[in-house]
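Using the sequences plus the hints, can you model the full thing?
Protein chains: 4
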Amino acid sequence: MATIRIFVTGGTFDKEYNELTGALAFKDTHLPEMLRLGRSRVDVVVRTLMMIDSLEMTDSDRVLVVEQCRDAAESRILITHGTDTMVETAAALAAALPPASGKTIVLTGAMIPYAFGSSDGLFNLGSALSFVQVLPPGVYIAMNGRCFESDRVRKNRETGIFEVI
Amino acid sequence: MATIRIFVTGGTFDKEYNELTGALAFKDTHLPEMLRLGRSRVDVVVRTLMMIDSLEMTDSDRVLVVEQCRDAAESRILITHGTDTMVETAAALAAALPPASGKTIVLTGAMIPYAFGSSDGLFNLGSALSFVQVLPPGVYIAMNGRCFESDRVRKNRETGIFEVI
Amino acid sequence: MATIRIFVTGGTFDKEYNELTGALAFKDTHLPEMLRLGRSRVDVVVRTLMMIDSLEMTDSDRVLVVEQCRDAAESRILITHGTDTMVETAAALAAALPPASGKTIVLTGAMIPYAFGSSDGLFNLGSALSFVQVLPPGVYIAMNGRCFESDRVRKNRETGIFEVI
Amino acid sequence: MATIRIFVTGGTFDKEYNELTGALAFKDTHLPEMLRLGRSRVDVVVRTLMMIDSLEMTDSDRVLVVEQCRDAAESRILITHGTDTMVETAAALAAALPPASGKTIVLTGAMIPYAFGSSDGLFNLGSALSFVQVLPPGVYIAMNGRCFESDRVRKNRETGIFEVI
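From first to last, the protein sequence lines are chains A, B, C and D.
Counted from 1, the first sequence has number 104 at position 104 by this note's numbering; the numbering is strictly sequential.
Counted from 1, the second sequence has number 112 at position 112 by this note's numbering; the numbering is strictly sequential.
Counted from 1, the third sequence has number 155 at position 155 by this note's numbering; the numbering is strictly sequential.
Counted from 1, the fourth sequence has number 132 at position 132 by this note's numbering; the numbering is strictly sequential.
In case anyone wonders, no lab produced these hints; they're calculated from the structure.
There could be a bad hint or two in this list.
For chains that are exact copies, the list does not tell them apart, and a pair is met inside one copy or across any two.
[Claimed, not checked] Cut-off 20 Å, straight-line C-alpha distance, at most; resulting in silico cross-link-like pairs (EDC-like, lysine to aspartate or glutamate):
{"no.": "1", "residue 1": "Lys155", "residue 2": "Glu19"}
{"no.": "2", "residue 1": "Lys27", "residue 2": "Glu158"}
{"no.": "3", "residue 1": "Lys27", "residue 2": "Asp61"}
{"no.": "4", "residue 1": "Lys155", "residue 2": "Glu56"}
{"no.": "5", "residue 1": "Lys155", "residue 2": "Asp43"}
{"no.": "6", "residue 1": "Lys27", "residue 2": "Glu56"}
{"no.": "7", "residue 1": "Lys27", "residue 2": "Asp53"}
{"no.": "8", "residue 1": "Lys155", "residue 2": "Asp53"}
{"no.": "9", "residue 1": "Lys155", "residue 2": "Glu88"}
{"no.": "10", "residue 1": "Lys155", "residue 2": "Asp84"}
Just so we're clear, the structure is a prediction, and the values are computed from it rather than from any experiment.
Below is the structure:
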């Protein structure tokens, strides 16, 4: 079983409620806790690249993500990412890392922070971690239990649902 | 996107705490609620075949599961099942439905009931639902974030972890 | 057992995560659900007066709260309220409804929204509902498991803890 | 603010799901975690006397509970206890520690284990901790948001609700 590389970039996944300010904010990633809860025995290496809302992700942030994926020794990579610009980051990755690169990259996120009771985060993580183990090289988005190719997906802003275009 | 058939058989997944008797018992399946929580947009048809602890699953129960899988119009089938005899049911399915049958069948379950705070159920459901969409015909077990071929897996009773044999 | 009047004014207690906007917002009050979860058999009548962040509570909002308490047929009243200006509202109530009015009024709130996993809301509701049943006429704040007289309490902004002054 | 003594005896409150055996069992008490979640600032001293299902509580266990309450330096005592024989233990306490003893003793418990998602435990703890701070000497049961005198209460086995007799 090959090791999976997990890159954390923040997003709703990891937002928390700051009880002193009443605002949503980032502290540490919940990824390791979520993998424990899922009793995951997949061999993973987790690295936090940034901890930001994906609406604030800049071009240079995306360059960093692409470089980290290109330089990773692992050929299978999972990225946690805010849903608002997940499609843009997927496009940047697909442009730089075509299937011939041999990399299978799956991006996922959450509509509700994991720290809140009703999050879809754990479901999405289980989904993305599974897709990344078996899909052929390419860049994908795993949301809503489905897997989309990076150039054939959009987030519907009205419904919050990812759909094929 | 082809419809996925989901068969519910019970197992820890669906156990609840009966507050009048203080015992664990089955009521209704939590599958639909879990799919809602995961914001799943996978096209599924859910059917409850039985609602039992897998230690109580008899040969005739297994015959029923096999027949339902054989008769299902869908070629991709997910089964929720208690972990204790999941491997036995997978073997019965593999014997009756070889890859040539064209069926991709994934069994999953949970170590902790979904109704309890710290369940692995949502993670496992996301995982199994993803594997079943992309794996070639065969019978598999999706647990611990991994996917095992039905004849190369066992549940380690000491650790509660599924492992390759 | 006399009926307890519960007035809902909003506050962190009832904030929810809006998954389309990514912002915290109010929908309906969670009070009835929380009372069900607590298996409460206290005779209560719940009325929502407003659904706002207490930092946005105006003088005329406070006049409304005071009038509703004065006009209530019940002599025991619980108010859910944002913690930031809970002390101000308590002071307005104490000025208008001295012990001679015969009213026992207890304000409570939460540091973390009830809808989030780690809320103190259920604990605080159990606490406030208990204090309001047994305390003599007066205006009180129930937070942190304690009960404070309305003119001898402040919220420590550094720690988020209510303390005696 | 006088210190409250908390005695833990087990009960549904503290039951957990053992994922290897599939049975409900006791490990450590959740009391400290629950007090943290409730952001309690009440001065308490917690001591675990036993960790049992209250149906298994013997006469000598009850003697131990009574002695510990009598010997406690604190005059205000909260006891967590299984609901099935809570009334019997309350009666034993009331016989040994009449109001003249100066002790205010409140027993509480839960219908659903705290470790499960839908527990009433946090509500009940908030309630009992509040009642014990303000009630006059005597032995009480705090359940369902209400407070009952020890000789005027029973648990209705059909409904799981405590009621006045």
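Quick rundown of the hints versus the structure:
no.: 1; hint: Lys155 <-> Glu19; result: between (30 Å within a copy, 13 Å between copies)
no.: 2; hint: Lys27 <-> Glu158; result: between (29 Å within a copy, 18 Å between copies)
no.: 3; hint: Lys27 <-> Asp61; result: within (19 Å within a copy, 35 Å between copies)
no.: 4; hint: Lys155 <-> Glu56; result: within (17 Å within a copy, 34 Å between copies)
no.: 5; hint: Lys155 <-> Asp43; result: between (30 Å within a copy, 18 Å between copies)
no.: 6; hint: Lys27 <-> Glu56; result: within (16 Å within a copy, 27 Å between copies)
no.: 7; hint: Lys27 <-> Asp53; result: within (12 Å within a copy, 24 Å between copies)
no.: 8; hint: Lys155 <-> Asp53; result: within (16 Å within a copy, 31 Å between copies)
no.: 9; hint: Lys155 <-> Glu88; result: within (11 Å within a copy, 41 Å between copies)
no.: 10; hint: Lys155 <-> Asp84; result: within (7 Å within a copy, 37 Å between copies)
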